[in-house]
Amino acid sequence: MTGTQLRPPIPLVDVDSAPWWEALKAGTFTVDRCQECRRWAHPPLERCRTCGGQNTLEPVSGQGRIFSFIVVRHQSLPGLVPPYVVAIVELDEQDGLRVTGIVRADPEAVSIGGRVSARIDPIGDSGYSAPAFELTPQSDPASPTHALICEAPEEGPTDGGSPTSLLGRPT
Amino acid sequence: MSTAIVGIGRTVYSKSSGRTTLAMAIDACRQAIADAGLSIGDVDGICTYMAMDSAQPIDVAWGLGRDEMSWANGMYGGGNLVADQIATASAVIEAGLCKTVLVYRSLNGRSGYRFGTVEGPMQVEGRNQYDVASGYLVPPQWFAMWARRHMEVYGDTAEDLGYIAITQRAHAAPNEHAYRRAPMTMDDYLAGRWIAEPFRVYDCTSEVDGAVAILVAGEDVVADTNTSPVWLVGSSNSQSGSGFSTWDDPTQMYSRSAGPRLWKTTGLSPSDMDVACMYDCFTYTVMATMEGFGFCEPGQVGEFFAKGHASYGGDVVVNPHGGLLSEGYIHGLNHHYEAALQLRGTAGVRQVADARLALVTAGAGPFGGANIYSNEHP
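Which chain is which? The protein sequence lines are A and B, in order. Position one of the first sequence corresponds to residue 1 (the working numbering), numbered consecutively onward. Position one of the second sequence corresponds to residue 1001 (the working numbering), numbered consecutively onward.
Just so you know, these hints were derived from the structure itself, not from any lab. There could be a bad hint or two in this list.
Listing some non-contacts, in silico: residues in chain A with all C-beta distances to chain B over 10 Å [unchecked claim]:
1) Pro-9
2) Arg-38
3) Gln-54
4) Arg-98
5) Glu-134
On the chain B side, residues computed to face chain A include the following (Cβ under 10 Å) [claimed, not checked]:
6) Arg-1148
7) Ala-1191
8) Ile-1195
The following label-pair restraints were derived from C-beta to C-beta distances [to be verified]:
9) Asp-14(A) <-> Gln-1056(B): 40 to 50 Å
10) Gly-52(A) <-> Gly-1063(B): 39 to 49 Å
11) Gly-1065(B) <-> Gly-124(A): 49 to 59 Å
12) Gly-53(A) <-> Pro-1378(B): 40 to 50 Å
The beta carbon of each residue, even a glycine, is placed where N, CA and C say it ideally should be.
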């Protein structure tokens, strides 16, 4: 190991990813959606891999189910202290639409198929934010009813990148 | 034109080589050439696969004393490219671009650049950038996630993964080149520290420093060599850019496509294989690919290993050298080295009796491939 001060990793933002990160900074969890065939896809791409149409980020509900999960017990990154749960979550918007994130829950309470809700957490003091998940109380309705719009954690909405409409309803 | 492995070379596998990847690559390549009874003047092609962690092919060729190469190619990628590298070398020879090709892999996988650890400060690019917040950036976590899914669907237990680790460790015991040789019981396996549940430390490969080189030649050159040729009789790949989260069904790997295609194109079947060097970055990789290549029905791999079907006297000897789990992680090229030893009949105390056909797989998850080798001319 080097003597370098270890800090949590941050994204090397590119043209495809910049709007996604900017939306999160503004408190909105978005996913790319084709403006032609309306398919959702993550991670973002300039064009839809199904039909070649233009993709645009649209807010999502943040509601979904755990597809699989791990309990990290060996620290491999600074800023993340084990144990913690990382899951692949299938969002309600579309079958097979998956995102990954930390599940802020007791590992013993996490199971495949369990329902989760997204929240937006800052990544250390980097200025970036990212989706994380919480277990949805079982009494909650199974379907999402609203898009996830949170208060920006630190900064206000940035120019150009923040969605203004709520289009996250599942189709 | 048929092609064969005619020379093999390797360095010691250690936790700290004290050498450059260039020096180790040259060493292994020089041994492979000598093993074949050829000289550097007989070699006109060279290639490797790497992740910016190794020596460039032209630099290795220069170090070997060859001023110019007819063909030199470095591919960006990991274990998924190993089988393909040798098949590509074969295709390049068949296309007439050169007569012999060195395929090497050299890495300071433990003392230098190491998979599974990330040192900051770092910026993560491309697809992985979306996982910076969760730190879901390292292979043990990706494959543990897949394994969990398989365990959920098929009911595999920790012991099912453990039998794979234990069997391979037992195979490594008499292998003087193996990095980990100490006997391991199920209790030892289960007592291993957690990495990312459901993976314990013994589910993960043994990262080492070292290099392996394989010399491939066309049959016009084979007659001039002094070893028994190990013929390439089939190769198949399935390479996907899905990533580790979007792949539709993590209970299956690339082998679900590459496996059936390999058997179809060669007319062979799993039961024909005497040796199977299964790429084993993690125990679960062996589980999923044993299924994909048709050795077992889904969910039966644990029992297959537990009952000895994957060892001497069983159906097929899986990783007689100990695999990446116990011999060491030379990114899968050591599997091809072992297959050559076995098919030459020169594997010593771990020789698989009458070994004639070997499957060698490469890669894991959404991408990989496999070769079949024979000691009989195709």
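Find the hints from earlier in the document that the structure breaks and name them by number, from lowest to highest.
-> Of the numbered hints, 1, 4, 7, 9 do not hold.
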